[in-house]
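Visitor: In order, the protein sequences belong to chains H, E and X. Taking the numbering used here, the leading residue of the first sequence gets 1, the next gets one more, and so forth. Taking the numbering used here, the leading residue of the second sequence gets 1, the next gets one more, and so forth. Taking the numbering used here, the leading residue of the third sequence gets 1, the next gets one more, and so forth.
These are calculated hints, taken from the structure and not from any lab test. Computed from a predicted model, the values in this text were never measured in an experiment. Among the hints, erroneous ones may be present.
Not the full set, but computed from the structure, chain X residues with beta-carbon under 10 Å of chain H [as the list claims (entries may be wrong)]:
{"id": "1", "residue": "Ser127"}
{"id": "2", "residue": "Leu128"}
{"id": "3", "residue": "Gln163"}
{"id": "4", "residue": "Glu166"}
{"id": "5", "residue": "Tyr234"}
{"id": "6", "residue": "Ala259"}
{"id": "7", "residue": "Gly263"}
{"id": "8", "residue": "Ser267"}
{"id": "9", "residue": "Asn294"}
Reference listing, derived: stretches of chain E covered by chain H, where coverage requires no fewer than 3 residues with Cβ under 8 Å from a Cβ of chain H [stated by the list, open to error]:
{"id": "10", "stretch": "44-50"}
{"id": "11", "stretch": "58-72"}
{"id": "12", "stretch": "135-147"}
In silico SDA-like cross-links for lysine to any residue, where the CA-CA straight-line distance does not exceed 20 Å [stated by the list, open to error]:
{"id": "13", "chain 1": "H", "residue 1": "Lys87", "chain 2": "E", "residue 2": "Gly67"}
{"id": "14", "chain 1": "H", "residue 1": "Lys87", "chain 2": "H", "residue 2": "Leu156"}
{"id": "15", "chain 1": "X", "residue 1": "Lys208", "chain 2": "X", "residue 2": "Asp185"}
{"id": "16", "chain 1": "E", "residue 1": "Lys55", "chain 2": "E", "residue 2": "Thr24"}
{"id": "17", "chain 1": "H", "residue 1": "Lys51", "chain 2": "X", "residue 2": "Ala343"}
{"id": "18", "chain 1": "X", "residue 1": "Lys262", "chain 2": "H", "residue 2": "Ile142"}
{"id": "19", "chain 1": "H", "residue 1": "Lys87", "chain 2": "E", "residue 2": "Thr24"}
{"id": "20", "chain 1": "X", "residue 1": "Lys255", "chain 2": "X", "residue 2": "Val309"}
{"id": "21", "chain 1": "H", "residue 1": "Lys59", "chain 2": "X", "residue 2": "Lys208"}
Backbone N, C-alpha and C fix where the C-beta goes; we use that ideal spot for every residue, glycine too.
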Amino acid sequence: MEKKRHNVWYKVIIAVVILIAVMAFSCCLGSVRIPVRDVIGAVTGLTEVSKATDTIVNKVRFPRICMAVLVGGGLSMVGALMQGLFKNPMADPSILGISSGSAFGAALIIVFNINFSFMGFSGLYLGAMGGAVLAWFLVYNIARISGEHDLNSTLLAGIAISSILSALITLLMTLHRESMEQVYLWMLGSFSSSTAQKTVTMAVVVAVIFPVLIFMAPRVDVLKLGREAATGLGVSASRTTGILLCACSVLLAFCVANSGIIGFVGLIIPHCVNFMRVYKMRGKLLMCFLVGAVFTLLCDTLARTVVAPGELAIGALTSLIGAPYFLYLMLRNLLRERRMR
Amino acid sequence: MNLELKNVTRAYGSFKALDDVTVTIPEGKLTVILGPNGCGKTTLLRHIVDSFSSKMPIAYVPQETFGSLSMTVRDVVSLGRYDRTKFYVRENEEDKRLIKEAMRDMEIDSFSDRNTDTLSSGEKQRVFIARALAQNAPWMLLDEPTANLDVKHADMLMSVLTGLKRSCIVVLHDINLGSLYADNIILMKNGKILSSGAPGEAVNCRLLEEAYDTGFVSAKIGDREVYVSSRQ
Amino acid sequence: MSFCFGLAAVGGIVRKRVIMKKVIALSLSFVMLLGVLASCSDQKTEETTTAAATTASETMQESRAETAFKHFYEFTDAYGNDVVIESEPQRIVSVSPVMTEIVYALGKGDKLVGRTIYCDYPEEAASLPTVGDIYSPDIEAIVALEPDLVLTSSIFSEESFNQLTELGYNVAIVIDEESFEGIYDVISTVGNIVGAPDEAAALIEDIKAEVDQIVNDKVDCDISVYYCMGCGEYGEYTAGGDTFINDIIELAGAKNAAADAKGWAYSLEALIAADPDYVLISAWAYDEFTTSENYADLKAVKNGNVIIVDSNLFERQGPRIVEGLKLVHELVLEAAAEEAQAA
């Protein structure tokens, strides 16, 4: 038992170290070649660097790197919670309907060319948030019609609202073909519009929601025993589910508003963490955040360097890179189990 | 403290799962609930959990769990200690002892590191029962715990429960297993209580025939009354 | 105010007290965060709005002279932002092919330090480093070029605009109007921005002269022209009656076959009904149009009057738009000559 405890923290520390290393590594890469000592100089402020270098490293790359870390980590945590709450290994963040809501809001803004800015947040960002709020409002209240929070109803409502909104988005796109490319590109996801302001906002959101999720995490494990069994242990299924879904919705709304829809991360990272044999939800959430952050950051760095000054759609990259690696992990796991039997 | 249920009615739409049920379940005793499918046994247990869990901890073992848990056996059993450890308290010696004993009693300690998703239904059931044992709560409610267990493990479970000297309520299908171990039997049909009391009083051929709508014959083996269904 | 409203609404939905507390805590921190951010970004907008207030009433001429002391040039861009340019730009990144063309036409090509991958005219532009595409260019590349002005047209994404302005760069989005006359405003504004107002005025005069010449060269011939922007599987796309391409066709003396349409979308049925005399099309769509069954019955296809044109002459609102005008006018003259012969 002692050994098990140490194992989780061991893995967490390794993951943190890897994350910091990848962040530093990503700072040095970009569409503009900047020698490593200049990068270090810009970050630490010890040596004199040109204004352009300083701006690029500190105000263009660094916020983007942080955003990729936060969004990747956030999506993975939400994915882990969805799989835990719904006890379904195929669950991912999109079942809440929030991603579709965000996409719908963004599509409206793009298609009708609504230009406005509020406190430095673009109309697109606010539209995506608005759409997410709308979708969550609908799903949440439909699920609560029976009185208390029902997982099944949430799932079904989420799927239904998702479908409706996706259909509306498709309609919008076909009726306004000239905007179709823009809407589609937004949906594919990108961190290119990360500014310091957005990143700070995201960091605050994660800082607020993260403790909530971690605190409620052991209850998710208890809920797996069944509603009555959990009640007997003092865990209210309705309340726990309600709070967690709300928290996840807020986190997810911000993730999608900042980066579009990055689909693969929320589904697969929790499984990768499972293969690392971290099973209980508290440690799993932590590891999911770290692993998801590293993975998303790597993908984003690739996306913005491989065809510079152009960019690859990160949603495609995460699937292309993630799926084969996931298959490798799965096969390794299966073979190991075969040997054990 | 006895569990008192007075005039409890639970309906799902127009279907009455529990119809004006009044019964007292004595504490410290092993109570077995018998009855045909759909007579309200599970609903009765659920009602007890919902009504009384705020007053005291109850260890409940459901008939079946769905979905993928993706946790090891020991992790699941250790969930039984959640009431005390919650989020921030580490497992202490007593927690570990209870978990170990629970796993030993249910004979699952040989595969305590396996993922529960890979277990057979009988093994899974024993894991959940062990979890309830580890909880060490004054009341234990088990809904058809022997459904997937083989004869040996079913018998083992019942003797473990008897040895606990705690208040237990167990729903069973096996009439003879129940009458052998129970201190108290409740026989139900169609959401109503047909009879309740000591095994000798609550169970006899006539009552069983009324409950199950099929013939019963009884025989005495040793000092036990054994009931077998016979079609009429 | 709205926060209280929201809280009341939330209170109505949420009944359990513990959840209420958590919701309040979350909302409070969210509102505090917004407040912090608002106070940070308020400063920037204040500066530009006061600058706008002081010069709003002046005409462009006056402001040019006076602001030589305060700032170089100031105008309102496509998003309604007031843009203040402190001094004459020396390093310009153009994120729009139109802007690239205009800057070179004004003789200030030497000030350009960057372009998009689509800026292909004039040839000198090819020597400039690229910064990506028109909608969302690569911010790093732009920053590396150390520009003092980013010049673009209104197709620029709001996200990119916010990013660049947040980093402290001047971004000038010069308004695109959907009419032919809009081009004069565009050239004039760009001229003021890059410090070539006289060249701009001269260029505008030249263009106007050429346009007048064409317009006055009235020929008594009624031909309908269809400008094909997209055809085949993707649907029919053309220039509707409210676009500037429509104006080009009409100024040249022809009729726009799709004048009844608004915007850029059209339908195959309407095209067949309109049955234009001439079809102007890009090279990549030519094969599709001339070989596909859909268009085989059009008289333009039958008579071989489907003409390949450089779409940049029509779709870029720059000085080369006159070439497009001339092209259509030649068609009109040709048709008139044929008619005269036939008669």
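Visitor: Take the hints in turn and mark each one as holding or not.
Guide: Here is how each hint holds up against the structure:
1. The criterion of a C-beta within 10 Å of any C-beta in chain H is not met by X:Ser127, whose closest approach is roughly 16 Å, and the hint is violated.
2. Restraint check, X:Leu128 versus chain H: the minimum CB separation of about 13 Å is more than 10 Å; hint violated.
3. With a cut of 10 Å, the hint placing X:Gln163 at the interface with chain H holds, because the nearest CB-to-CB distance is about 5 Å.
4. Taking 10 Å as the C-beta contact cut-off toward chain H, the hint placing X:Glu166 at the interface holds, the least distance being around 5 Å.
5. The interface hint given for X:Tyr234 holds, since its Cβ lies 7 Å from the closest Cβ of chain H, which is under the 10 Å cut-off.
6. For X:Ala259, the shortest C-beta to C-beta distance to chain H is roughly 19 Å, which exceeds 10 Å, and the interface hint is violated.
7. Interface hint status for X:Gly263: upheld, as the beta-carbon distance to the closest one in chain H is roughly 8 Å, under 10 Å.
8. A distance limit of 10 Å between C-beta atoms decides the matter here; for X:Ser267 the minimum to chain H is near 13 Å, and the interface restraint is violated.
9. A distance limit of 10 Å between C-beta atoms decides the matter here; for X:Asn294 the minimum to chain H is near 18 Å, and the interface restraint is violated.
10. Closer than 8 Å: that is the beta-carbon criterion, and the stretch 44-50 of chain E has 4 residues meeting it against chain H, so the requirement of 3 holds.
11. Coverage of a stretch by a chain is defined here by at least three residues with a beta carbon nearer than 8 Å to that chain's beta carbons; for the stretch 58-72 of chain E and chain H the count is 13, and the condition holds.
12. Beta-carbon proximity to chain H at under 8 Å applies to 3 residues in the stretch 135-147 of chain E; the threshold of 3 is reached and the given coverage holds.
13. Between the alpha carbons of H:Lys87 and E:Gly67 the distance comes to roughly 5 Å, so the proposed pair stays at or under 20 Å and holds.
14. Taken as a hint, the H:Lys87 and H:Leu156 pair is honoured in the structure, with Cα atoms around 15 Å apart against an allowance of 20 Å.
15. Proposed proximity of X:Lys208 and X:Asp185 is supported: the alpha carbons are some 12 Å apart, at most 20 Å.
16. For the proposed pair E:Lys55 and E:Thr24, the alpha carbon gap of about 17 Å is at most 20 Å, so the pair holds.
17. Proposed proximity of H:Lys51 and X:Ala343 is contradicted: the alpha carbons are some 72 Å apart, above 20 Å.
18. Only pairs whose Cα atoms come within 20 Å are accepted, and X:Lys262 paired with H:Ile142 is rejected, the gap being roughly 41 Å.
19. Restraint check for H:Lys87 and E:Thr24: the C-alpha separation of about 36 Å exceeds 20 Å, so the hint is violated.
20. A C-alpha spacing of about 18 Å is found between X:Lys255 and X:Val309, which places the hinted pair at or below 20 Å, so the restraint holds.
21. Of the supplied pair hints, the one linking H:Lys59 and X:Lys208 is violated, its CA atoms being roughly 45 Å apart against a limit of 20 Å.
In this structure, the hints that do not hold are numbers 1, 2, 6, 8, 9, 17, 18, 19, 21, in rising order.
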